[in-house]
Structures are given as structure tokens and as C-alpha cells.
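Protein chains: 2
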Amino acid sequence: MNGVHKAIKSFFSGKVYSVHSLVLEEPDKQVVRRWRKEVDPLPPRMASVIARSAGKNYIMTVDVESGEITQHDATHISGFPLVTLEEMLSAIYAPFSNADFNRTILARGVDLADVACLPFSPGWFGKAEDGRRLVKLECFSRKDTANFYMRPIEGLIIVTDLDTLQVLEIVDRGKHIPIPKAEGTDYRLDVENGPIIKLPNPVSMEQPGGPNFVIEDEHLVKWANWEFHLKPDPRAGVVISRARVSDPKSGVMRDVMYQGFASELFVPYMDPEEAWYFKTYMDAGEYGFGLQALALEPLNDCPRNAEYMDAVFAASDGTPFVRSNMVCIFERYAGDAAWRHTEIPITEQLIREARPKISLVVRMVASLANYDYVVDWEFHADGLIHVKVSLTGIVIVKGTTYVNMNQVNQNEDLYGTLLSENIVGVVHDHFVNFYLDMDVDGSDNSFVNVHLQREYTDGKFPRKSFMKVNKTVAKTEKEAQIKMKLTDPSEYHVVNPNKMSRVGNPAGYKVVAAGTAASLLDPDDAPQRRSAFTNNQIWVTPYNKSERWSGGLFAYQSHGEDTLQVWSDRDRAIENKDIVLWYTLGFHHVPCQEDYPIMPAVSSGFDLKPVNFFSRNPVLRIAPYVENELPVCKAAASA
Amino acid sequence: MNGVHKAIKSFFSGKVYSVHSLVLEEPDKQVVRRWRKEVDPLPPRMASVIARSAGKNYIMTVDVESGEITQHDATHISGFPLVTLEEMLSAIYAPFSNADFNRTILARGVDLADVACLPFSPGWFGKAEDGRRLVKLECFSRKDTANFYMRPIEGLIIVTDLDTLQVLEIVDRGKHIPIPKAEGTDYRLDVENGPIIKLPNPVSMEQPGGPNFVIEDEHLVKWANWEFHLKPDPRAGVVISRARVSDPKSGVMRDVMYQGFASELFVPYMDPEEAWYFKTYMDAGEYGFGLQALALEPLNDCPRNAEYMDAVFAASDGTPFVRSNMVCIFERYAGDAAWRHTEIPITEQLIREARPKISLVVRMVASLANYDYVVDWEFHADGLIHVKVSLTGIVIVKGTTYVNMNQVNQNEDLYGTLLSENIVGVVHDHFVNFYLDMDVDGSDNSFVNVHLQREYTDGKFPRKSFMKVNKTVAKTEKEAQIKMKLTDPSEYHVVNPNKMSRVGNPAGYKVVAAGTAASLLDPDDAPQRRSAFTNNQIWVTPYNKSERWSGGLFAYQSHGEDTLQVWSDRDRAIENKDIVLWYTLGFHHVPCQEDYPIMPAVSSGFDLKPVNFFSRNPVLRIAPYVENELPVCKAAASA
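Chains L and W, in that order, are what the protein sequence lines are.
FYI, the numbering for the first sequence is 1 to 639, going by full-length UniProt numbering.
FYI, the numbering for the second sequence is 1 to 639, going by full-length UniProt numbering.
None of these hints come from the bench; they were simulated from the model.
Here a beta-carbon is modelled for each residue, glycine too, at the ideal position from N, C-alpha and C.
Possibly wrong hints are sitting among the right ones.
[Claimed, not checked] Residues from chain W that face chain L, not an exhaustive set, calculated with beta carbons under 10 Å:
no. : residue
1   : V32
2   : D317
3   : P320
4   : V322
5   : F330
6   : K357
7   : E627
[Unchecked claim] Chain W regions said to be covered by chain L (calculated; three or more residues, Cβ under 8 Å):
no. : stretch
8   : 8-17
9   : 170-178
10  : 432-443
11  : 450-462
12  : 582-596
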């Protein structure tokens with residue numbers, strides 16, 4: 001991609017510029033679907049580039065071979081591209097050149113050498129944020145702890161121009177609030193913080209014979225009946241493409257999903273006051289969910305049998321850099337059965353059959369300042385794809401004068417939980433929206449609402465009522481804007497109406513929600529308009545190459561006119577078309593003491609599950625584990 | 001318990017009787033809570049016995065030492081005790097002595113030697129089921145397959161008196177429906193049914209140093225920071241008692257749950273027609289969720305590092321028998337992190353800390369004829385208890401004349417999915433209701449609805465809205481009858497209002513639902529009245545020793561007057577009392593081809609999660625895995 005770097009440099013001919021995104025452009029889907037490996041030449045490789053120069057956004061396509069640049073209109077949408085790592089690194093020093101800032105820090109009795117300021121996106125509320133690219137810095141005391149997040153200098157917000165690094169405004173409201181203590185906040189193993197708990201005999205996931213998967217051409221993962229393309233992406237984290245599963249009957253590889261990735265996040269904090277109201281993060285579009293994914297820790301982030309994949313991303317000058325060990329891939333056996341049955345003794349047949357449940361996990365962790373998001377794509381041998389998001393890391397907290405709840409007036413809202421002396425864990429939500437371009441047995445699919453409803457028998461039978469299945473094919477997008485209800489349930493199927501099974505059911509996959517959450521913000525509130533993808537749990541749109549980022553291409557300070565809600569409200573036809581399903585996974589988080597000083601992981605996810613896709617249980621013939629085929633292990637001498 | 005057996009025999013003095021339940025009677029809770037091991041003598045051991053003789057139900061308490069019997073009133077509630085294994089074994093032969101039965105089987109061209117009939121509970125619909133103890137038998141062809149469930153002799157129901165084994169009525173509606181083919185239905189490994197799929201390098205859970213748990217006094221499990229009493233139970237499956245967790249700060253064992261178990265199941269099928277309407281099973285009360293739990297299959301039901309526990313149950317003559325390997329216990333590491341954080345590079349600190357997530361799983365599998373329910377109680381080192389139910393085994397199917405959906409009229413309701421030629425998988429639900437006697441830091445607790453609601457800022461701040469937490473303590477039972485709503489969410493806490501943390505929060509545990517389902521039957525429909533525990537996802541009652549079985553003590557043919565709904569509607573005080581929380585886990589099941597001929601496991605569950613119970617993250621100081629402490633493994637020579 002060195003040619004691309006040169007082409008960009010020459011395009012800006014000596015002017016200062018920054019590259020905010022440089023990735024391979026998605027080739028046309030039809031080209032990819034038609035392309036045959038080892039037969040057809042590679043489609044032309046193009047780079048998709050987002051850059052800024054002299055206060056303007058640029059969207060460009062660069063031909064990787066020729067360096068030819070095509071410029072696209074970037075003025076029709078509000079907002080800015082994600083903030084680069086280099087900009088963040090510069091912004092954190094901006095406050096220290098401001099005399100007022102230094103004065104207020106000293107007035108609080110804090111040594112400037114102990115202060116760390118972090119850049120946070122300002123959101124967009126239609127006033128001060130207009131026209132200027134801003135960052136709001138918040139500062140912490142690093143004294144006596146690595147976990148400075150637990151030592152906020154509360155109420156102090158340094159509004160800074162990201163382009164000029166000029167401090168524009170200092171909000172300074174919390175002078176009376178003490179900085180919480182450092183004691184007990186550090187989470188590092190080698191810091192004195194209580195005795196270490198260790199179980200004498202470790203239980204481990206072992207696969208001494210090596211993995212059963214291969215990675216061809218650096219990105220094509222083949223495991224058991226699955227194959228898919230795996231690519232780190234600076235914005236989405238990882239992108240799974242062309243996931244296909246073999247039919248156990250014919251051995252033919254069948255399309256399941258053309259592409260799947262985390263499209264956007266929304267993390268609104270629920271404190272409306274001056275220093276907190278703007279905290280309504282869109283982490284993929286504002287910071288880069290992949291850019292913020294760092295190296296994984298072998299043995300603890302991923303099990304011993306994991307293999308690792310590096311990412312190559314572009315720095316803000318357009319040159320590549322390597323993010324090593326960003327993704328891990330491992331086979332999992334967690335002690336569960338894929339299926340089992342014991343025949344009852346009354347039939348005089350002693351039958352006891354059980355098969356191990358084995359899966360392949362692809363994992364990355366994005367560390368967005370304090371928070372860590374673990375994202376797993378788990379491929380099961382029975383054709384199911386489980387997507388799991390685990391939240392861990394550090395809860396962002398608010399300083400308070402209180403050290404005990406008995407000091408708090410009953411009517412006072414702390415907007416959170418008193419976690420420790422002078423520390424409130426502020427209530428917030430996490431939403432992760434997934435782009436799921438399902439191609440079930442081919443690209444033209446339909447979305448079916450398999451509604452379960454009470455039906456009355458009207459005295460014809462001893463039963464008064466039963467649950468009836470009523471299937472409705474969504475004709476247009478609005479019919480597929482789904483708000484889930486426990487008492488008015490449906491299954492949600494993506495089917496191929498052109499591919500019928502032997503007994504006449506359309507091949508399908510269903511999206512199965514586990515626990516999730518819906519946004520409680522007012523639909524007209526600016527943050528909610530910008531992250532309107534949280535208005536529904538499920539959406540279906542016709543495939544459109546330009547509709548990838550559900551919170552908008554330029555999420556930073558966006559106004560909300562380039563979102564999934566806006567696209568979907570066009571109400572285009574989606575029946576028997578190439579369609580994309582969007583699923584929003586949500587978490588409400590009311591912090592509790594256990595989240596202090598670092599929170600135990602909380603997980604939820606969803607399944608993409610075959611439904612009448614296979615003619616029978618696809619793991620019916622999977623082999624059971626037998627003793628003499630399992631690894632031969634002994635305890636480590638040092639254990 | 002031999003003395004008990006003799007006492008019962010002598011009580012019935014020569015009359016024919018059957019023992020339907022014989023378990024140790026729960027000692028008074030206050031006695032148990034006060035009892036100190038190695039100091040106090042054991043409380044008097046009493047047996048709780050349910051028996052039948054001459055068409056009457058008996059409830060008795062038998063003193064294990066003296067054999068003295070106290071008889072309790074058994075006439076005030078409808079229904080019958082669970083059907084014994086011996087009765088089931090007898091009932092299956094009843095049809096064969098009936099000439100009409102033999103005639104209709106032969107008329108269908110089926111060899112009587114190939115026929116297996118299974119006994120199903122008849123439900124209660126207020127007519128034919130009154131006054132008589134009934135069973136409805138349904139028959140299958142066993143020819144050429146072990147999976148006879150896939151070969152129903154459709155529409156044939158043999159209504160039989162369970163007490164006399166007399167055939168009362170033969171419903172014979174399905175003569176025109178062929179018996180589905182045997183081909184492809186067998187699930188056994190050693191039966192020719194397609195090639196076996198085997199990944200060359202097994203991934204295994206290994207713990208060569210042996211477990212980190214001990215089992216004292218045969219039932220007291222101690223692992224990491226947890227201890228609890230584990231007991232197989234013929235009705236509930238397993239009962240967890242006195243679950244306590246140590247405080248990482250003080251080392252003191254703190255109460256979490258006095259007792260937890262699966263109290264009742266409800267599995268209504270959604271076909272209202274003659275041969276199907278009554279299929280509304282209450283598996284714990286009708287069959288015994290523990291009685292139907294058979295031996296587990298090592299390496300495949302449970303991982304290699306599992307240990308096993310036997311059950312001792314009473315046969316219908318009152319004598320004990322051993323159910324070996326009914327429960328397995330193992331430590332799990334599934335490759336996930338308990339918590340992790342990477343510090344962002346902009347702070348110039350390279351910090352990457354992750355800790356393995358380790359848990360202890362207690363598992364049993366109940367095989368209720370066709371279906372297998374895997375129930376896991378999983379204790380996590382961070383204080384969380386995860387209860388998981390996995391559904392697998394065989395979907396019960398209905399014979400049909402159809403071989404392809406193109407033969408089915410658009411308006412015709414099959415009440416299910418055509419799974420294969422002549423086979424419909426009938427739509428149904430599964431509900432499992434859990435009894436959770438929470439004793440959070442002592443027995444007197446309150447139930448708090450931590451409601452999350454939209455709040456408007458009324459122009460005071462740039463944000464229009466935010467999510468506010470509003471806590472309400474439930475004063476009486478009706479305030480704790482909870483129907484969950486995604487768009488009107490709450491957290492549900494059980495707190496000890498008398499035990500405040502250092503910063504003044506009450507010690508608590510919350511119940512966290514994952515995916516669940518609500519019953520769609522009419523509340524006045526007889527099956528729904530009997531299993532009215534499905535009317536809400538959560539209930540809270542004051543502790544009452546007699547209120548253990550949410551579908552009634554005598555669930556079989558019960559009328560629904562002895563249920564959780566009835567108890568809860570008394571609306572007793574529950575604030576700062578010894579309370580019991582009931583959680584109903586639900587699944588809607590619309591079968592699909594992948595469920596044929598045996599279904600891949602589908603799981604869901606719920607968490608009991610500490611909330612302000614610990615003063616900080618209780619696994620903060622858990623050790624990471626390091627290479628030289630993990631097992632030393634090599635691949636098996638035969639792999």
C-alpha cells in the first residue's frame with residue numbers, strides 16, 4: 001500500500017493532512033460472488049481513504065496499482081471522521097499549556113506531574129459543537145495507582161479544538177469534591193493489594209496435537225464444516241466475510257453470511273449535568289473499535305491452544321503499522337454436550353449417547369480507554385454462529401463528596417451507585433449494533449416474522465387456547481423494524497424463498513436474542529437521534545454498499561441524518577432481495593461495588609441459527625470423545 | 001431408612017400400597033441455621049412419605065429412629081402423587097391385553113411385536129379426568145430404529161386407569177396416516193447412518209492434578225470461595241442447600257442461598273386436537289425430575305475432569321435403590337477471562353492484565369421419555385451463580401399424510417413444522433420454575449424493584465432525557481409478581497436491609513434473566529391454571545415450609561388450587577422477611593429440520609449475581625495462568 005501513501009501525499013501536494021481511515025475498499029459484491037479462486041484474476045484492488053486537510057473531510061478511492069485517486073463528495077453529511085491515535089496523543093497535552101488549567105489543578109492541591117488528561121468525544125447537542133471539531137478532556141490523578149480512572153478530578157472539562165489544539169473553554173465545577181483515594185484501586189498483580197488467590201490444580205483447555213483449523217492466504221479460516229474470511233478492521237474490529245458451511249449430506253459449501261461485523265456502539269451515560277451530559281460515545285465511529293484493540297494476553301485473554309493474528313492498520317500519515325496479536329482463534333470444548341439422549345429403561349433398551357460440543361472462537365478485545373469489550377464470533381459445528389460481547393475493564397466514575405449513603409438526602413439523585421468513598425459509578429448503557437449481511441444459500445433472501453400468538457379453540461376441543469405460528473414475510477423495511485416483546489414474541493428468520501428443502505421448507509437462519517436492552521432515551525434527544533440504531537433490536541435493509549456504519553460514516557459530532565433509521569425509513573422493498581440484517585445488542589449497567597476497581601466480565605450475545613437449512617441435525621454423526629484419543633497430561637512440576 | 005420401609009409396611013398392615021415419594025423431611029430452617037457442626041447433636045431425622053393405597057393419597061412423616069408415623073391430611077388438595085417407575089413399567093403393557101387395540105394395530109399393518117407404548121400424563125380438563133387416576137398411552141413402531149419416537153402410530157390414544165391398569169377408552173383417529181420411515185432416524189454411533197465426522201486433534205478440558213474441590217460428609221461441596229450442600233432429589237433433580245461464599249476481605253463464610261432447586265416444569269404442546277390437546281406436562285410433579293435422571297456418560301455428558309455422585313431413591317415398595325453417576329461435578333475453564341484490561345498507550349503505561357474465569361459446575365440430566373433436560377448449577381469465583389437449562393434429546397412428533405409442504409393448503413395449520421416425510425414437529429413450550437430461597441447475609445431479606453425509567457431534564461441541560469434508577473421495596477407478594485418488559489426494564493434485587501456495606505449499600509444479589517419466554521395460553525385455560533407459575537417470570541413469597549412445589553404437591557391431574565399463584569395471591573408481607581424468590585425460565589420451541597432425528601442442545605438460564613454484596617471485585621486478586629504451571633500434555637498415540 002506504499003503506492004497509496006505516496007498518492008495521498010501527492011494529492012495534498014505539500015499541505016498538512018491526516019489520514020483517518022485507509023482500508024481496502026470492499027470490491028463489488030457481485031464481483032466477489034462470481035470470482036473463482038485460481039481461475040479468475042484478482043479484482044482491481046482499491047483503497048478507501050478518509051482524510052482531513054485544512055479543516056475539510058475527504059473521501060477518496062485510490063487505485064492501489066496506479067495510485068489514481070477518485071474523490072467523492074464529503075460535504076453532504078455532517079460530522080467528522082474518527083479521531084486518530086496521533087490526535088489523541090497530541091490532545092492530551094493541550095490543557096497543560098493553559099494557565100487557567102494549571103491554576104485550577106494547583107488550587108486543588110494536585111501536582112501537575114501526577115495529572116493525566118484523556119480525550120473524550122463531545123457528542124453533538126446542536127450548539128457549541130457546531131462547525132468546530134472538538135474534544136473534551138477530563139483529567140485524573142495518577143498518584144499512587146495505575147488505575148487513575150478511580151481518581152477523577154471531578155467537574156473539570158477542558159474543551160479543546162482538535163484541529164488547532166487550542167483550549168476553548170474550561171468547565172470547572174467540582175472544586176469542593178475531593179479526589180478519591182488511591183488505596184485499593186490498583187488491579188495489577190505485582191502491586192500490593194491483598195493476598196493472591198490461587199487454586200492449586202489449574203484446569204486447562206489442552207490440544208497438544210495442534211489445531212484442527214488452517215488459515216489459508218493469511219485470512220481464510222477453514223475449520224470442521226466451516227470456512228470464512230477473517231480480517232481485522234480499524235473501525236469494526238474484525239470483519240467476518242463469506243461464512244460458508246458444508247452440507248453434511250452433499251459436502252457442498254453453502255453460503256450463510258456474506259459479511260458480519262460490529263457496525264457501531266452507543267454508550268450513553270445517564271448523568272445530565274455539565275461535566276457528564278455529553279458522554280454519549282459512539283466508539284466505532286468516534287475512536288475505531290479496531291484501532292483501540294490491542295495485543296491479547298496469551299493464556300488469560302485466550303486459552304493455551306489459541307493462535308494469533310496481527311492487524312496492519314494505517315497511521316495518520318498514511319503509513320502502515322502492525323498491531324500484533326490483535327485477534328485470537330481457538331477451538332473450544334467447555335464440557336458441554338452438542339446433543340445427548342438416554343433411552344428410558346421401560347423400553348428395555350439401554351441407550352446412552354452423547355456428543356461433545358466443539359466450536360471455533362474468533363476473539364478480539366477493544367480497550368476504549370477505561371472499558372474493554374471482548375467480541376467473540378463463535379462458529380459451532382452444528383451450523384450455529386454465536387456472537388458474544390463481554391464487558392470488562394474499568395467503570396468510569398464520578399467524584400463525590402459523599403463517603404456513605406447515609407449522608408445522601410433521599411431525594412437526591414447520584415445518577416449512580418456509591419462504589420467506594422467519594423466514588424459514584426454512573427449508570428449507563430452499552431449498545432453494539434451488528435451488520436449481518438446474510439446470504440442464506442445465495443444472495444436473495446426474505447425476512448420472515450414468525451409470530452407466536454394465542455389462538456382460541458372456541459369450544460371445539462377440551463383446551464381453550466394454544467399458541468399458533470403465523471408467518472409474515474416483510475415486504476418493505478418498515479415491516480422489519482422490530483421491537484422485541486416477551487409477551488408478544490416472534491422468531492425472526494432470514495430465508496431463501498428460492499431454496500426449498502426436500503420436504504418443502506425454505507432454507508433459513510434465525511437470529512436468536514439472549515438478554516438485551518432497549519434505549520430509554522427520548523427518540524428526539526440528540527444522542528438518541530445520532531444512535532437511532534438503538535430504536536429497534538432488529539432492522540433489515542436492502543444491501544447497499546454505502547450503508548455500512550449504522551451511526552453514520554462520520555459519526556464524530558454527527559447530527560444523525562446518515563443513520564440506519566434514516567436509511568430504513570425510506571421503506572425500500574426487501575422481499576426476495578439481497579438483504580442485510582442489523583441486530584442491536586444492549587446492556588443496562590447500574591454499577592455495583594463488585595465493579596470496583598475493575599469489573600468482572602458481563603456477557604450477552606445472540607445466535608444465528610440454522611432453521612430448516614439442513615435436512616437433519618448436522619452433528620448427528622459427530623464422533624464422541626473416547627479416553628484413549630484424548631491428550632495424555634500430567635500436572636506441571638511447578639504446580 | 002430400612003426402619004421407615006418397615007414402618008410403612010406395618011402402617012398399611014397387609015394392604016396393597018405404593019410409595020410415591022420417600023425422602024428425608026426438610027428439618028426446620030431455624031434448627032438448621034442454628035445447628036453447629038461437631039458441637040450440636042443432629043436434629044431428629046424424619047422421613048417424608050407420600051403413598052397410595054386403595055385409591056387414596058397418604059402424606060406421612062415417619063420418625064427414622066422410632067418408626068413412628070404421623071399422618072397428615074391429604075384430602076384437601078386435588079390431584080395425585082407422581083406416577084412411579086413401576087407403574088409406568090406396568091402401564092405400558094396394558095393396551096396389549098385389549099382386543100380392540102390389537103385389532104387396530106394389525107389393521108394398520110404393524111406387527112404387535114414391534115409396538116412400544118409409552119405412558120403420558122393426561123393433564124386435567126375437568127371432565128373425563130375427574131375422580132380417576134389415568135394415563136394416556138401412545139404407541140410407536142420400534143421396527144428398524146432405536147428412535148421409535150420418529151415412528152408414531154398417530155392418533156391412537158389408549159386411556160388407561162393407572163390404579164387398575166384397565167383400558168378405559170381407545171381414541172383411534174389416525175388410521176389414514178402412515179407410520180413415518182425408520183431410515184435416517186437412528187442416532188446411535190454404531191448404526192449405519194452416514195459417515196462419522198471426527199476432528200483429528202481433540203481439544204480437552206484437562207486437570208491432571210485432580211480437582212480443587214472436596215466433598216465432605218458425602219454432600220458438602222467445598223470449592224474455592226464457595227461451599228454448599230448438594231443432594232439428589234427424586235422430584236427436583238438436585239437440591240442445592242446452604243450455599244455460602246467467603247468474603248475475600250474477612251474470610252468469613254456469608255449466606256447466599258438457603259436452598260435452590262427446579263420446582264416444576266410445564267411443557268404444553270400447541271396442537272388442540274384429540275390426540276394432542278392433553279399434552280401439557282408437569283414433569284417434576286408428574287414423573288419426578290430426579291427419578292428420570294439417569295447415569296451420565298463420562299467424557300461426553302461431562303468433561304474428563306468431572307467427578308460423579310450417586311443418588312439413593314426409594315422404589316415403589318419403599319426400599320432404596322441406587323441411581324449411579326446421576327450428578328457430575330467439575331471445574332470449568334472455557335477460555336474466557338474473568339476480567340481484563342489493557343491500558344491505552346497514550347498514558348505511556350504498558351499494562352495488560354487478564355485473569356482466567358474459573359467455575360464449578362454441578363450437572364444432572366433428566367430424560368423425560370423423549371426429551372433430555374441438562375441442568376447446570378455453576379458457581380463462579382466472583383460470587384455469581386449461573387443456572388443453565390439445556391434442552392436436547394428427541395422432539396416428540398406427529399404423524400401426517402404430507403411428505404412435502406407443497407401438499408399443504410395455505411390455511412391449514414399443521415401445528416408445527418414438517419421435519420421429514422410424514423413427520424410434524426409440534427410447536428411447544430418449556431418452562432422450568434426455580435425455587436430460590438435467598439438468604440443474603442442472613443435470612444431476613446427484601447425484594448427491590450430497581451426500575452430504570454426515562455427522566456426528562458426539562459431544559460436544564462443540553463440533554464433532553466436520561467435513564468433514572470428508581471428503587472421500590474416490595475411490601476407484599478403482589479408487588480413482586482413480575483412480568484418482564486424490554487422497554488420498561490428493572491433489575492430485581494434481593495437485599496438484606498440490615499447489612500450495610502462500608503459505604504452504606506445493602507448487601508444484595510440480583511436475578512439476571514437471559515433469554516426467556518412467557519406463556520401465551522389463556523390464564524383461565526386448565527393447563528395454564530395448573531401451571532400458573534408461568535404467569536410471571538418472578539415471584540416472591542414469604543418462606544413457608546409447605547410451599548415448595550410451584551405446580552402443587554399433587555401435580556398429577558391437579559386442578560390448580562395448590563399453586564404458586566394461589567399462595568402469592570394471599571399477598572402476604574415480604575419486606576425484611578425470610579423470603580423465597582421464584583424464577584421461571586421459558587423456551588418457545590418451533591421445531592425445525594435440524595431437530596430431526598435428535599436435537600442439538602438449546603440453552604438458556606439466569607444468574608444470581610452479587611450486587612453490593614462484596615466491597616469490591618472479589619476476584620481482583622485471583623492469579624493469572626502462567627505457562628509453567630499448566631498441565632504438561634501430549635497427543636494420545638491413538639489420536
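Hint check results:
no.	hint	verdict
1	V32	28 Å, violated
2	D317	17 Å, violated
3	P320	17 Å, violated
4	V322	14 Å, violated
5	F330	6 Å, holds
6	K357	7 Å, holds
7	E627	7 Å, holds
8	8-17	violated (count 0)
9	170-178	violated (count 0)
10	432-443	violated (count 0)
11	450-462	holds (count 9)
12	582-596	holds (count 7)
Of the numbered hints given earlier, the model fails hints 1, 2, 3, 4, 8, 9, 10; all others are met.
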